[in-house]
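Visitor: My request is simple: use the sequences and hints to build the entire structure.
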Amino acid sequence: MRRTTENTQADDAAAAAGDPSARRGHTLSRALQDWGAALRRRFRAGELGSLPVVLVLATVWIVFQSLNGNFLSPRNLSNLSVDIVGTGLIAVGIVFVLLLGELDLSVGSISGLAAAVFAVLNVHHGAPEWLALILAVLAGTAAGAVQGYSCAKTRVPAFVLTLAGLLTWNGLMLAVLGTSGTVNLDENGLVADLTNYYFTHDAVAYCLAALCAGAVFTISYLDRRRRTAADMPHRSLRHIALRAGAIAVVAFVSAYLLNRFQGLPLALLIFLVVVAGLDILLRHTHYGRQVYALGGGVEAARRASLNVTGIRTAVLAASGTMAAIGGLFLASRITSVSQTSGSGVLLLNAIAAAVIGGTSLFGGRGTTWSAVLGMLVIQSISSGMAITDTPTAVQLVITGGVLFAAVVIDALSRRSQEAHGRA
Amino acid sequence: MPAPPLLALRGVCKRFGAVEVLKDVDLEIHAGQVVALLGDNGAGKSTLVKVISGVAPAERGVIEWEGRAVHIRRPHDARDLGIATVYQDLALCLNLDVVGNLFLGREIRRYGFLDEMAMESRTIDLLGRLTRAVPELRAPVVSLSSGQRQTVAIARSLLGDPRVLLLDEPTAALGFEQTTEVLDLVDTLRDRGMGVLLISHNLGDVKALADRAAVLRLGRNNGFFNVNTASQEQIIASVTGATENVPRRGTSYEARW
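Those protein sequences? They're chains H and U, same order as listed. What the first sequence shows, in this note's numbering, is residues -7 to 415, in sequence order. What the second sequence shows, in this note's numbering, is residues 732 to 988, in sequence order.
None of these hints come from the bench; they were simulated from the model. Virtual Cβ for every residue (Gly too), placed ideally from N, Cα, C. Please note that a few of the clues may not be correct.
Stated by the list, open to error - Computed footprint of chain H on chain U; a stretch qualifies when at least three of its residues, placed anywhere within it, have a C-beta under 8 Å from a C-beta of chain H: (1) 807 to 818; (2) 830 to 836; (3) 870 to 881.
Guide: Laid out in structure tokens, this is it:
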């Protein structure tokens, strides 16, 4: 708050200065200075946010690009952007659970179960795709809700309860698949389209990039106008413009690169819309505030008369839903569902992505965007390793190292936040 | 006939498992009065606060609000009546910022979304009336000092314009200046016609501020005092139980060993 007030004053001072060109240069350097000061303050207070993961991502990209010039090619980046979606959506659900300070181990099994439900309903029983899709997602929601309710009622840590879920849902999936083993999906169906449809027209990606940057600017600007009218502390115009500008640069560069391959992938668009929508849900609605509050202290939340059981159930139901949707995207990528769907490193990757992206294991800190960033890091490493022919052993060790670093940063920043409070 | 007390407890009992924490406790809080609740550690003071605030509802006994019997089963019930509580551990969500904590559970909404601006503006208003050193509103509460956290907790309790305020050890963690600030604040609230229940270990605070004092000992009432006339020794004797037959542990008990 203090900083924004300073900003406003500086803004006025800059406006008072006569020469427009001098003002522009001055404005930019001042904006960068402000930003640096804010960064230092946040560093000391242990609120690093997504800075570490962005640095890690940049390092990974630079290293692989120097090892193999094809790494940052439009083709590879486009594939990367589709590959992150399935696991990324599951990781978004994990973020919800981590915000409560809990862990959901059943997401892998639920994703497999949802895919199996879809495949069997659609292929074996001839149900229309949209119906099978909805039922598959609802199966995930129901599985999550059951776990959430029993977790809230029995007060067994979700980590143990969902371990039981992991086995149960996996067994259920095998039962659903029956003796059929592998089910091949319709190559031209709705679910297959989820990951192989591209908006080939260049304009789509550019328009969406412009829309996104414009929306960020408009919302911040309207908020600023309302605050100015009420004589409240507010962000400077410069700060708003700089932020919207940064988003615009990222969006347009991505759009340009994607258009140079096959265009904007539908999967990426869905992923980003879901992440942005859930971010708004978590940070700007009553429901989301309750989730954060519960992660910050169960007792405090209970005394503020929040419905603890309801929130727990809703959060695990959300995680189950996201797992089911993610499972459908994963099935779409290989257009088949088999008994190994949802097994292997999927669960571990989803959890690792959320944590690497900066969501705290201790609850109450993090956003859905961390799933995107964390998944980008993990998938970049695995894609880079594949391009450079590095053995899987090395890939696992490096991903493990990044996860280790992320957890250590999380713990340290938590401690420094507490120390900051004592000072 | 005098007005009935704002809040009255008659014969309240509460047990946690096998332990009877409160036994037939009576208490009255009148409008415009500060009642001090005194007692040794484990006397049941904090439990009594939890009973009144609905966190741990009473098992037996009657709670009256303006002479009419009411049921307080959930924190929500107490809040609807107009009872606000500042807990000893403050019950703040450390990861939320000051505004988020103040409005937790009763956020102001605009088109279905949180109206951060309206909440922030009311926070500035409220904190401005309570303290000179307004903490940074957008910093997580974990980064505030204990005095600032206390201010935030009190501000939060005042948000719904309550008529009875329960303060559980509000000054225990505070320095001299902040203690004075909190005591002045309680004085102001009493002058506005609020009923205050003040739990404190500090007899100085009680003497300076309270009108009446109720003493709990081992979960029972152990005396009511008019603070202006009773001597400090009388009150302390009642708190420590010096008036009882002290040598309870008989020789037979020791002989068994």
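Visitor: Count the residues of the stretch 830 to 836 of chain U whose Cβ falls closer than 8 Å to any Cβ of chain H, and tell me whether that reaches three.
Guide: That given contact holds, which follows from 3 residues of the stretch 830 to 836 of chain U lying within Cβ reach (below 8 Å) of chain H.
Visitor: Quick one: see if chain H covers the stretch 807 to 818 of chain U, three-plus residues with Cβ-Cβ under 8 Å.
Guide: n = 4 at 8 Å, threshold three: holds.
Visitor: Count the residues of the stretch 870 to 881 of chain U with a beta-carbon closer than 8 Å to any beta-carbon of chain H: does the count reach three?
Guide: holds (count 6)
Checked against the numbered hints listed earlier, the structure breaks none of them; every hint is satisfied.
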